[in-house]
Every structure is written in structure tokens, then in C-alpha cells.
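Visitor: Sequence:
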Amino acid sequence: MFYKLVGLRGPLALFLKLGILGGADAAMIWLISAAINKNSFIIAGVVTVALIFLNYSFMTKGAIPLKFLAVGLVFFSIFVITPTGYTILMSTYNFKTGNEIAKTAAIREIINNGIVADAEGTAYDLFLGKTSSGKYAGILENQVSKELLYGDENGVRPAKESEVTRDISGLITGANGIKSLTDEEFANDDAVITALRFPLGDGSYAAPQGTNVAARLIQSVTYDPVTDQVKNIELGITYVDNGNGNFAAKDDPTTRLDPGWRAFSGIDNFKALALDKKLRDPFIKVFIWTIAFAFLSVGTTFAVGMALALALEAPIKFRRFYRGFLILPYAIPSFMSILIWRGLFNKEYGAINTLLGLNIDWFDKPWLARFAVILVNLWLGFPYMYLIGSGALQSIPSELEEAASIDGASEKQTFYTIKLPLLLQILGPLLIASFAYNFNNFNIIYLLTGGGPTNAIDGEVAGATDILISYAYKTAFGSNFQDLGLSSAISMVMFVIVGTMSMYTLKKSKIMDTL
Numbered sequence: 001m002f003y004k005l006v007g008l009r010g011p012l013a014l015f016l017k018l019g020i021l022g023g024a025d026a027a028m029i030w031l032i033s034a035a036i037n038k039n040s041f042i043i044a045g046v047v048t049v050a051l052i053f054l055n056y057s058f059m060t061k062g063a064i065p066l067k068f069l070a071v072g073l074v075f076f077s078i079f080v081i082t083p084t085g086y087t088i089l090m091s092t093y094n095f096k097t098g099n100e101i102a103k104t105a106a107i108r109e110i111i112n113n114g115i116v117a118d119a120e121g122t123a124y125d126l127f128l129g130k131t132s133s134g135k136y137a138g139i140l141e142n143q144v145s146k147e148l149l150y151g152d153e154n155g156v157r158p159a160k161e162s163e164v165t166r167d168i169s170g171l172i173t174g175a176n177g178i179k180s181l182t183d184e185e186f187a188n189d190d191a192v193i194t195a196l197r198f199p200l201g202d203g204s205y206a207a208p209q210g211t212n213v214a215a216r217l218i219q220s221v222t223y224d225p226v227t228d229q230v231k232n233i234e235l236g237i238t239y240v241d242n243g244n245g246n247f248a249a250k251d252d253p254t255t256r257l258d259p260g261w262r263a264f265s266g267i268d269n270f271k272a273l274a275l276d277k278k279l280r281d282p283f284i285k286v287f288i289w290t291i292a293f294a295f296l297s298v299g300t301t302f303a304v305g306m307a308l309a310l311a312l313e314a315p316i317k318f319r320r321f322y323r324g325f326l327i328l329p330y331a332i333p334s335f336m337s338i339l340i341w342r343g344l345f346n347k348e349y350g351a352i353n354t355l356l357g358l359n360i361d362w363f364d365k366p367w368l369a370r371f372a373v374i375l376v377n378l379w380l381g382f383p384y385m386y387l388i389g390s391g392a393l394q395s396i397p398s399e400l401e402e403a404a405s406i407d408g409a410s411e412k413q414t415f416y417t418i419k420l421p422l423l424l425q426i427l428g429p430l431l432i433a434s435f436a437y438n439f440n441n442f443n444i445i446y447l448l449t450g451g452g453p454t455n456a457i458d459g460e461v462a463g464a465t466d467i468l469i470s471y472a473y474k475t476a477f478g479s480n481f482q483d484l485g486l487s488s489a490i491s492m493v494m495f496v497i498v499g500t501m502s503m504y505t506l507k508k509s510k511i512m513d514t515l
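Residues in the sequence shown are numbered from 1 upward in steps of one, following full-length UniProt numbering.
No wet-lab data here; the hints were simulated from the structure.
Even glycine gets a Cβ: it sits at the ideal position worked out from N, Cα and C.
A few of these clues could be false.
[As the list claims (entries may be wrong)] Restraint-style ranges between C-beta atoms, simulated for each label pair:
(1) Gln219 to Phe335: 52 to 62 Å
(2) Phe495 to Leu16: 38 to 48 Å
(3) Thr222 to Val192: 50 to 60 Å
(4) Glu399 to Ala26: 58 to 68 Å
(5) Ile115 to Ile332: 55 to 65 Å
(6) Gln219 to Val80: 46 to 56 Å
Starting from the given sequences, assemble the full structure and let the hints guide the process.
Guide: Shown next, in the form of C-alpha cells:
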């Protein structure tokens, strides 16, 4: 539709449309390919649907409204619906440190971790090289018995002394049919050489432990795909799938093998938030503070912003200057303002303590830190409320105020009975949006207080100023132990709370009736 808006017609318009659509198709096809290569089939599926939808929208003659909405709907689906759906999915999984990979990858790693040196500590001097076909092969000399073996990926066979050459110290420096490796080849193929295995025929194998030494290794752990069990041959222990993303010992379920894998857990993460005291108590504290923070932020910014809007509604001197000056905090990037305020609150060299002659550690006490958060958020938010309040005041018909004045109403009565109800009706959706924004205002918490103060001695994760979004972040990424499934469950609780409160408020304000 862009080509029509700019006045293009005919072949040039068609060429422009096909060029833009072709570029978008190429980008999405590349994304699909990259997602499939990474086994991200959900992402590949979403982009595929978007690709088909875009081409259908712009290559058909009808569906004119769809052409205007198509791009927005695609971006909405990719950046809103898909992450929300993925978060919902992850909230139903045991997805945390130690349970991050797929089951097949976990089994492979368990098997690899089950490789141990034999009890005798058998070691070999190794001459490693490549055959004429480019495959790795080597001569193994037992360091004790001096037995010579020729080894490759297929196994080993006895080798004769006549097949090798040695230097003056007795080390093997060459072998028939094996070309020695250069230092550059050793460096380039380090990962391949480390993974080499020469089967010895008894279930064990020789594996390089550097460039000229090999060790006899035994697979002490095996996996049976039929019974879905792991067995430790040396210890005689059988491990079974415990249904929660780990192999646990049959006789002692508390003994588990690492790593585990992502496993479907249903509503276990939500149950943990509700029933596990270690999670429930900090979650409730954070939840209460989040609600209080959002309401206080909206209430204080709205009150100050509206007070300034009402004050500057009167024709006073330098009104334009005041109006421009008041929006300066809104013009400065919020993250810069927050970091400046953090410096101002510093105990040792902060301007607030210096000017007032105080020695207060603002971020060490819970209520002082909360006060600082509310104060800084007031500074950041009142210009926005002032702007929308000024616009809303100008949209109220002056006839209503004149009629109230004729009826004998005071300015106070006029404001509370006429202006304020109309302002709330007009600004209702914006106040709801502001509440939702502050409910998830990660930046101010993370940059100003870091969620603290936190009682680290008791092992607490949640701090006094943490809100749900920062608590979810800490749960997922804030320590060495990460619980992405639980963090996703917290995010879903936030989503439901904000969505429910927004819909309820919109319904009560009857804004929905006008949509």
C-alpha cells in the first residue's frame, strides 16, 4: 500500500512491492533455516506461518484492510504472542540449573561422564598420525609390558617392531602406513584428537591424553533404551527416570545423576509458589510491595502532575518557561536519571547527605530504600502526568465550569464534582497503562537499588525493594543457581494480575463501552 500512498502506479509499483516482499521473504526463509538448524521448531513454525500470511495478504487482490494490518499483526505475533506462549510453556517444565538440556543430550553427557581409567592405570606411549586415506591411526606401546599395537577407529591389532622407527631415546617417531602430524595439524584438530577412541576389544578402549600418551578407559556407565535405565557397572547401581528430569537410583531416589533434562512438570512450579514456604513467603512479600509500588507510583505522579497542570492552567507570567522546564526530567533518558539519583543517595559522597549534613545509608534499610525508589520514580513520572493532565484539562468544555459557577459552586466543588470525574474518564486508559508499566518497572529497581537490601546471610534471593519482575529476573539469572521454570511461573502470575486488573478497571470505568 506504500507505493499507492506515494503516488506510484504501474510496473514500477509492482516492482517495488515484489522487491520489498521478496526481501522480507528472504529474511524469513533465512530465519526459518537458522531455527531448524538449532532445533528451534516452534520459532521456525511461527516464522513460517508469518511468511505464508504476509504473502497471502499482499499477493491477493482482495482483503484491503488486511494489507494495512498484516505487518503489524506479524510483529505482534512474533514479539508478543510467541514469547507469551513460550513463557507459558516453560512455566510447566522443570527447567533450572542441572536440568537445562534435552533428555538425549543429558544421556549422552552421562555416558561420557561414565568413562573412567581402568583400575591398573594402563597407559601407552602413542605415535599418532594419519593414514593415506586421511583417517587417524596410531601405534600404542604399553608402558609396562612394551606390547605394540596398531590402532584406529575400527580397533587394534598386534604390531611388529619392524613396522616402527624410533629415535635415539627409544620413542617411536614413525610407522609404516602412518604419516606423522605437524604441530599445526595437532592444533587445528585438537577437538577431534581428544575424541579419538581405539577399541581394545574387551569393552575398553585407548584414548589419547595429549599428543604422545594414551590411556586405557572403561565405560563404567551404560544406558539401555529399551528399559530407559542407566547402569553403573562398577558400583552395580541401576538408575531410573524419576519423572522429574533426572535418573535416580532405584533403591535411593535421593541419589541422582547429573546432568538432568528439561521435564514436563505441569503446575508444580505454581504449586511451589503457593505451598513451599521458602518460595511462598518471599513471593508474598514481593507481591505486596509490587502492588503498593505500582499504586504509589501512579498516585504520586498523577497527584503532582495534575497539581502542576492546574497551577499552570492559570495565565501567569513565564508560563511557557515553566511548562518547558517541567518536562526536562521526561526528556532525559530514564536510565541516566536513575544512575544520577543513585549517586545522589550515596552514603559517603552523595549530594543529599552532603547538603543536609546527614550520614544515612539510604539503601541499607528497607523503608529508606523504598522511599528512595518512590521519590525517584516520582521525579521520572510526574512530567508525563503533567503533559497528559494539561491536555485533558484543555479538552474539558469551559461551558461546564461556567455553568457550575453560575449555580454557585466553588472552585473546589467544581474540581471534585466536574473536572476530576471527567479527567479520570479521559485519562483512565493512560492511568491503567501507567499502572501496568510500573508493575513491571524493572529499570528503576535494578539500576537504583538492585532489589536490595537483601538478607544474604539467610540465603534470601528477594530484596526489600524487589518487585515481581526483578524477583523473576533474580530467580532466572541472579545467582549461580538459575530456575527458569519457576521464573516463567512468576512471569505468568504477573501477566494474569496485570491483565485482570486492567480489564476490571476498564470495565468499571466504562471505557470499554466506547471502544
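Visitor: Could you run down the list of hints and mark each one as holding or not?
Guide: The hints, checked one at a time:
| no. | hint | result |
| --- | --- | --- |
| 1 | Gln219 to Phe335: 52 to 62 Å | holds (53 Å) |
| 2 | Phe495 to Leu16: 38 to 48 Å | holds (40 Å) |
| 3 | Thr222 to Val192: 50 to 60 Å | violated (25 Å) |
| 4 | Glu399 to Ala26: 58 to 68 Å | holds (59 Å) |
| 5 | Ile115 to Ile332: 55 to 65 Å | holds (59 Å) |
| 6 | Gln219 to Val80: 46 to 56 Å | holds (48 Å) |
In this structure, only the earlier hint numbered 3 is contradicted, and the remaining ones agree with it.
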